[in-house]
Amino acid sequence: MTRRYSALSLLREGVNGQRGWEPAWRNPQAKARYDAIVIGGGGHGLATAYYLAKNHGLTNVALVERGWIGGGNTGRNTTVIRSNYFFPASAAFYDFSVKLYEGLSKELNYNIMFSQRGMWTLAHDRHGLEMARRSANAMLLNGIDAEFHDEPSVRARIPGLNPDPRFPILGGINQPRGGTARHDAVAWGYARAASALGVDIIQNCEVLDFIIEGGRVRGVETSLGAMRSDRVGMAVAGHSSVIAAKAGLRLPVSSYALQAFVSEPVKPCLDTVILSPATGTYLSQSDKGELVIGAGLDLYLSYAQRGSLPWMERAAAGVVELFPRFSRLRFLRQWAGIVDVVHDSTPILGPTAVDGLFINCGWGTGGFKAVPAGGWCLAHLMATGESHPLARAFGIERFETGALIDEASASGIAH
Amino acid sequence: MLIIRCPYCGERPELEFAYGGQAHIARPLQPSDQNDEDWNVYLNLRANPKGWHSERWRHIHGCARFFNAVRDTRTDHFLATYKMGEPAPEVPST
Numbered sequence: 001m002t003r004r005y006s007a008l009s010l011l012r013e014g015v016n017g018q019r020g021w022e023p024a025w026r027n028p029q030a031k032a033r034y035d036a037i038v039i040g041g042g043g044h045g046l047a048t049a050y051y052l053a054k055n056h057g058l059t060n061v062a063l064v065e066r067g068w069i070g071g072g073n074t075g076r077n078t079t080v081i082r083s084n085y086f087f088p089a090s091a092a093f094y095d096f097s098v099k100l101y102e103g104l105s106k107e108l109n110y111n112i113m114f115s116q117r118g119m120w121t122l123a124h125d126r127h128g129l130e131m132a133r134r135s136a137n138a139m140l141l142n143g144i145d146a147e148f149h150d151e152p153s154v155r156a157r158i159p160g161l162n163p164d165p166r167f168p169i170l171g172g173i174n175q176p177r178g179g180t181a182r183h184d185a186v187a188w189g190y191a192r193a194a195s196a197l198g199v200d201i202i203q204n205c206e207v208l209d210f211i212i213e214g215g216r217v218r219g220v221e222t223s224l225g226a227m228r229s230d231r232v233g234m235a236v237a238g239h240s241s242v243i244a245a246k247a248g249l250r251l252p253v254s255s256y257a258l259q260a261f262v263s264e265p266v267k268p269c270l271d272t273v274i275l276s277p278a279t280g281t282y283l284s285q286s287d288k289g290e291l292v293i294g295a296g297l298d299l300y301l302s303y304a305q306r307g308s309l310p311w312m313e314r315a316a317a318g319v320v321e322l323f324p325r326f327s328r329l330r331f332l333r334q335w336a337g338i339v340d341v342v343h344d345s346t347p348i349l350g351p352t353a354v355d356g357l358f359i360n361c362g363w364g365t366g367g368f369k370a371v372p373a374g375g376w377c378l379a380h381l382m383a384t385g386e387s388h389p390l391a392r393a394f395g396i397e398r399f400e401t402g403a404l405i406d407e408a409s410a411s412g413i414a415h
Numbered sequence: 001m002l003i004i005r006c007p008y009c010g011e012r013p014e015l016e017f018a019y020g021g022q023a024h025i026a027r028p029l030q031p032s033d034q035n036d037e038d039w040n041v042y043l044n045l046r047a048n049p050k051g052w053h054s055e056r057w058r059h060i061h062g063c064a065r066f067f068n069a070v071r072d073t074r075t076d077h078f079l080a081t082y083k084m085g086e087p088a089p090e091v092p093s094t
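Going down the list, the sequences are from chains A and B. Numbering follows our numbering, with no gaps: position 333 of the first sequence is 333. Numbering follows our numbering, with no gaps: position 8 of the second sequence is 8.
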């Protein structure tokens, strides 16, 4: 059986008629007892399970997922990875995540296709220009590389920008280490690596309730029966309020639909990621050639993974405003994910009022880039009982103490 | 496109409306009596149900008035919209 992926194993399997590949992860029966249980088979949950095994030696771990792994927001985002944040706590955390991404293909022996093609934020008015300068300076002070560019420099780097736009392009900032990765591969790579270390990935298994005894979590009731463990971590994004309510917890989270869509595939024409807050545009091109377009939030609570037409129209109009040559491209596919938004656009990562129950949520519109660091820190918390130094400021108690980290928006786009 | 019935103007496309958050939340009468925990509840903790939700909307590009609505967050289907001060309609149990 072929386990490790390499040029040599490809060649060997090619010669042997591809019969030796084994499934990327096991499909085990749920056990009655685990050392740790992770709820949610998205990027954050899978990364948590992997780092529990890898960093902390906990291998008797279950990951339970109601649907299929990577089927929620992990498979619905616009795959952008960056760390262009303002406050020191956010910048340190997200840059750690970018650094983990840089080594992830090798670490997991799975090509996540991380392409550091740069991440541009455009400024369209004098105030935007001032904010761009401020943002670039903040990033540099936080030790993250950032470049401020004036208009000729932006146009030289991004061919095809509208020569006479309604909203003039006055400048922009670039994070050269930002980029995109294959989002499914991140989920599958973590799943495969975690499974190889002994983690049980249990799909089609819904958590129905928590087993709580004397204020302490003792396990979960699931659609496949009870699983007991004194440590439970949840990373369920848009459904955080629903799952937390089963443990009697209320979260400062609102669930909104965030939509994205892709055009028909075309030849390579855009080799970077562009965010234009003024036109409501988030744009990149996938390796398949589709333009990947992110829209804004539908600003009403919703669990319907649909996305509204007005926002779709606005995002498409923004793309055409920036790049008139894309105006005749056709839509290929549209979808939405349910994101967990908190007031300060900073994640919640820490213990809860129930002993042994830990939470990872509040990523809002920008959870994908945080997958490695979110998993790393939740694993650290579950294994040691202590918050990781990078996530210490992200506790839920900040909503009571007022120590908010107001990043204004998690995806850099105004909602 | 959602079609939303403004209780004053009738059915209009969602473009004309702005969402106003959870309905029936009252500011504390004695703000100075509130502790940090109370403020957290008042400012940050909101119902976020997967199901029926009572909420405020504003017909911002129309009559500009606020009104209340009951909507199913699973489907975005509106059960009813009603004027401020009117009693909330009976919400289905699921």
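These are calculated hints, taken from the structure and not from any lab test. One thing to keep in mind: the hints can contain errors.
Said to hold, decoys possible - Cut-off 20 Å, straight-line C-alpha distance, at most; resulting in silico cross-link-like pairs (SDA-like, lysine to any residue):
1. 50/B with 245/A
2. 246/A with 61/B
3. 246/A with 49/B
4. 50/B with 208/A
5. 246/A with 51/B
6. 50/B with 310/A
7. 83/B with 61/B
The structure presented is a predicted model; accordingly, all values stated were derived computationally and were not measured.
For each hint, the structure was consulted:
1. With a C-alpha separation of about 11 Å, the suggested pairing of residue 50/B with residue 245/A holds against the 20 Å cut-off.
2. Distance check on the hinted pair: residue 246/A and residue 61/B sit about 39 Å apart at the alpha-carbon level, beyond 20 Å; violated.
3. For the hint linking residue 246/A to residue 49/B, the alpha-carbon distance of about 12 Å falls within 20 Å, and the restraint holds.
4. Distance hint between residue 50/B and residue 208/A is fulfilled; the C-alpha atoms sit about 14 Å from each other, no more than 20 Å.
5. Pair hint residue 246/A plus residue 51/B holds up; C-alpha atoms about 15 Å apart against a cutoff of 20 Å.
6. Between residue 50/B and residue 310/A, the direct Cα distance comes to roughly 23 Å. Violation of the 20 Å bound is thereby established for this hinted pair.
7. Under the criterion of a C-alpha separation no larger than 20 Å, the hint pairing residue 83/B with residue 61/B is consistent with the structure, at around 17 Å.
Checked against the numbered hints listed earlier, the structure breaks hints 2 and 6; every other hint is satisfied.
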